[in-house]
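Participant: The primary structure of each chain is shown beneath.
Number of protein chains: 2
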Amino acid sequence: MNTAASSQAVTPPRTVPAAPAQAGRPLAEVDTPALLVDLDVMDANIARVHGDAHQAGVRVRPHAKAHKCAALAQRQIAAGAQGVCCQKLGEAEALAAAGIDDILVTNELVGMAKARRAAQLAGRIRLGVCADHPLQVQQLAEATQAAGTCLDVLVELDVGQGRCGVTSAADAVALAQAIAAAAPGLRFAGLHAYHGGAQHLRSPAERRAAIAGAAARAREAVAALAAAGLPCATVTGAGTGTYALEAASGLYTELQPGSYVLMDVDYAANTPAEGSAPLGQALFGWCSVISLRPGQAVLDGGLKAFGVDCGLPRVLHPGWQVKGISDEHTVIVSTTADAAPLALGDKLRLIPGHCDPTVNLHDWLVAFRGDTVEAVWPVTARGAMY
Amino acid sequence: MNTAASSQAVTPPRTVPAAPAQAGRPLAEVDTPALLVDLDVMDANIARVHGDAHQAGVRVRPHAKAHKCAALAQRQIAAGAQGVCCQKLGEAEALAAAGIDDILVTNELVGMAKARRAAQLAGRIRLGVCADHPLQVQQLAEATQAAGTCLDVLVELDVGQGRCGVTSAADAVALAQAIAAAAPGLRFAGLHAYHGGAQHLRSPAERRAAIAGAAARAREAVAALAAAGLPCATVTGAGTGTYALEAASGLYTELQPGSYVLMDVDYAANTPAEGSAPLGQALFGWCSVISLRPGQAVLDGGLKAFGVDCGLPRVLHPGWQVKGISDEHTVIVSTTADAAPLALGDKLRLIPGHCDPTVNLHDWLVAFRGDTVEAVWPVTARGAMY
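The listed protein sequences correspond, in order, to chains E and C.
Quick note, the first sequence lines up with residues 139 to 524 if you use the working numbering.
Quick note, the second sequence lines up with residues 139 to 524 if you use the working numbering.
Honestly, the hints are just simulated from the structure, not real lab data.
Remember, it's a predicted structure, so these values are computed and weren't measured experimentally.
It is possible that some hints are incorrect.
Claimed, not checked - Computed footprint of chain C on chain E; a stretch qualifies when at least three of its residues, placed anywhere within it, have a C-beta under 8 angstroms from a C-beta of chain C: (1) 268-276; (2) 280-290; (3) 362-373; (4) 382-390; (5) 465-477; (6) 495-504.
What the hints assert, rightly or not - Partial selection, computed: residues in chain C whose CB lies under 10 angstroms from chain E: (7) Leu-273; (8) Gln-299; (9) Val-436.
From the three backbone atoms N, C-alpha and C, an ideal C-beta is built for every residue, glycine too.
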């Protein structure tokens with residue numbers, strides 16, 4: 139083994155792939171596969187959700203794990219967002235480097251390496267993180283003390299997701315006491331009470347029941363914390379599927395929807411609450427036909443362009459549907475005799491099954507209005523997983 | 139809209155995420171989530187498959203879509219590979235920039251933008267591409283003529299996959315004639331005859347039958363081409379599941395397995411042919427326990443660290459199994475009363491469900507031997523999708 143080569147290998151000998159588009163040019167010229175964002179639809183989604191939050195008197199802190207894009211986060215902040223959420227410390231570091239200065243990491247950090255990075259970042263921006271175990275608090279306390287910085291720590295409460303979070307109000311109080319005892323390095327900032335499992339319940343009644351249960355658990359913890367002299371400045375949670383319910387709860391002070399800005403097939407399958415229109419589809423895959431036979435076309439984006447954990451993408455060409463997907467291909471077939479014609483080289487739009495993992499596959503978002511590319515945004519925190 | 143900001147936005151304001159490891163350090167220090175490559179196992183897989191090809195008297199041109207890594211491709215070439223395959227022109231450009239000088243793109247290119255890039259790249263390395271339609275040939279001919287370069291073009295024949303490729307020997311001859319007529323810019327280089335659908339047929343008998351059918355179709359086309367005065371210098375195909383069958387066919391001159399070097403849960407589910415041992419598992423996800431409750435642990439890698447199109451990853455910790463996965467978390471549960479203990483911060487290995495889309499999520503491969511990191515390799519062509 140050549141050790142010289144090994145140690146050189148840690149310097150990336152590559153740059154990010156070139157952008158597939160140029161601002162000001164026609165959409166039809168955008169190279170494929172790519173991801174497109176319809177700015178008119180995106181702006182309407184932002185206005186709608188931020189307006190709903192404003193009307194309910196709660197803050198909105200959109201989840202940037204959906205888009206990982208500093209340019210998009212800046213638009214959300216310009217439209218009244220408090221800052222953003224991230225799911226990973228590396229995402230927060232990347233967005234902070236791009237100018238976002240108020241970030242909540244809605245996840246647990248374990249290990250001194252990450253605790254030290256969090257303490258460093260807390261010296262540059264307003265940073266919050268979650269905890270559900272005393273060891274995490276102890277490591278964060280040690281790191282912030284050494285760095286001389288101050289970090290907001292929220293107790294994560296499991297409100298029905300069954301994943302992370304303390305599972306009782308008593309544990310929430312004990313952990314909040316440990317956080318408060320680590321002042322001035324740590325500041326107890328409130329409760330993180332997100333119910334991910336409720337977001338894709340299809341009927342409004344199911345979602346209402348799930349969030350009523352989540353709010354009841356959160357309410358009990360908030361009361362226990364207040365009784366222990368630890369009032370929650372922030373109670374944060376909610377996603378695109380349920381945000382109106384948390385907003386109306388009288389308990390949550392902050393909403394963290396992420397997908398609302400882009401949307402996908404999975405969220406579009408939710409039945410909206412009565413009197414409420416669905417959010418608009420702003421995110422599209424953009425693929426070319428590279429092979430064609432009667433009744434079948436092969437597109438040049440596959441599993442490396444679309445996240446399929448929530449199902450296949452949906453192709454937008456009348457009379458055609460997605461038959462299957464492989465690493466670099468999506469096969470579409472015509473389903474009616476009068477299906478719209480297709481020629482080799484034609485470019486089509488597809489709606490991704492799940493927006494978050496799809497965006498994470500791409501280095502660029504091509505933002506357009508009408509038929510023209512308006513901006514090409516780097517996916518700032520793509521791949522920032524640690 | 140601020141157009142100044144838009145045009146600035148095409149310059150990436152970010153670098154590739156930092157490497158999670160350092161050569162020479164203990165494996166236990168590698169940050170999570172990450173991807174590990176066991177070099178002893180990988181070297182054995184390479185020796186085995188390249189040895190099989192050598193013994194059968196056929197060339198091996200491993201498919202780099204599985205690993206996208208120039209350092210790994212260089213090891214395959216040092217172990218006798220002719221060069222590598224890529225699935226995307228962008229992959230070929232990235233690997234060529236890193237020093238790989240003989241690449242076959244096993245896919246169709248459509249549109250003058252890509253034809254021009256291929257013609258440019260053909261001026262720097264030996265490059266081959268596939269075609270299944272006269273329009274592709276016409277565009278490549280125009281581009282190579284303008285660039286003054288020469289490109290190998292193989293006719294892709296559909297041998298059972300039902301995706302790309304001409305579907306008859308007569309169409310193969312007509313297309314090869316069009317390629318040959320475009321000399322000196324294009325050179326008819328042979329037949330691409332890959333049966334992807336055969337790779338994961340579980341029983342050796344099913345795979346044998348599928349490849350017998352594929353070889354029969356390829357043989358008919360090769361004979362028709364020879365009769366038309368267009369002998370196939372190369373007949374290329376095969377994958378990790380079937381390469382021994384194509385090697386023994388007496389027809390194929392070149393094998394393109396990709397996954398053999400790393401392996402995954404899906405390939406391990408194939409029953410090996412009689413007398414043949416399975417290839418070794420060289421690729422592992424590496425995750426930390428970030429949240430813990432009785433009988434359940436949450437790991438810090440999810441859908442953005444593991445491709446799940448072929449199923450969930452498998453965790454390697456006695457008495458534990460994967461229960462579910464979400465964007466940034468994998469939940470594992472204990473399945474026996476005497477399951478191995480777990481503590482917050484423990485790091486575990488997981489076998490990815492499908493190696494190709496998993497590697498494409500990562501910027502780095504951490505190559506190790508025993509308990510020590512030997513090298514940290516950039517995933518050179520990660521995200522190179524156009």
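Participant: Determine for every hint whether it applies to the structure shown.
Facilitator: Hints versus structure:
{"no.": "1", "hint": "268-276", "in the structure": "holds (count 4)"}
{"no.": "2", "hint": "280-290", "in the structure": "violated (count 0)"}
{"no.": "3", "hint": "362-373", "in the structure": "violated (count 0)"}
{"no.": "4", "hint": "382-390", "in the structure": "violated (count 0)"}
{"no.": "5", "hint": "465-477", "in the structure": "holds (count 4)"}
{"no.": "6", "hint": "495-504", "in the structure": "holds (count 5)"}
{"no.": "7", "hint": "Leu-273", "in the structure": "holds, 5 angstroms"}
{"no.": "8", "hint": "Gln-299", "in the structure": "holds, 9 angstroms"}
{"no.": "9", "hint": "Val-436", "in the structure": "holds, 5 angstroms"}
Checked against the numbered hints above, the structure violates hints 2, 3, 4; every other hint is satisfied.
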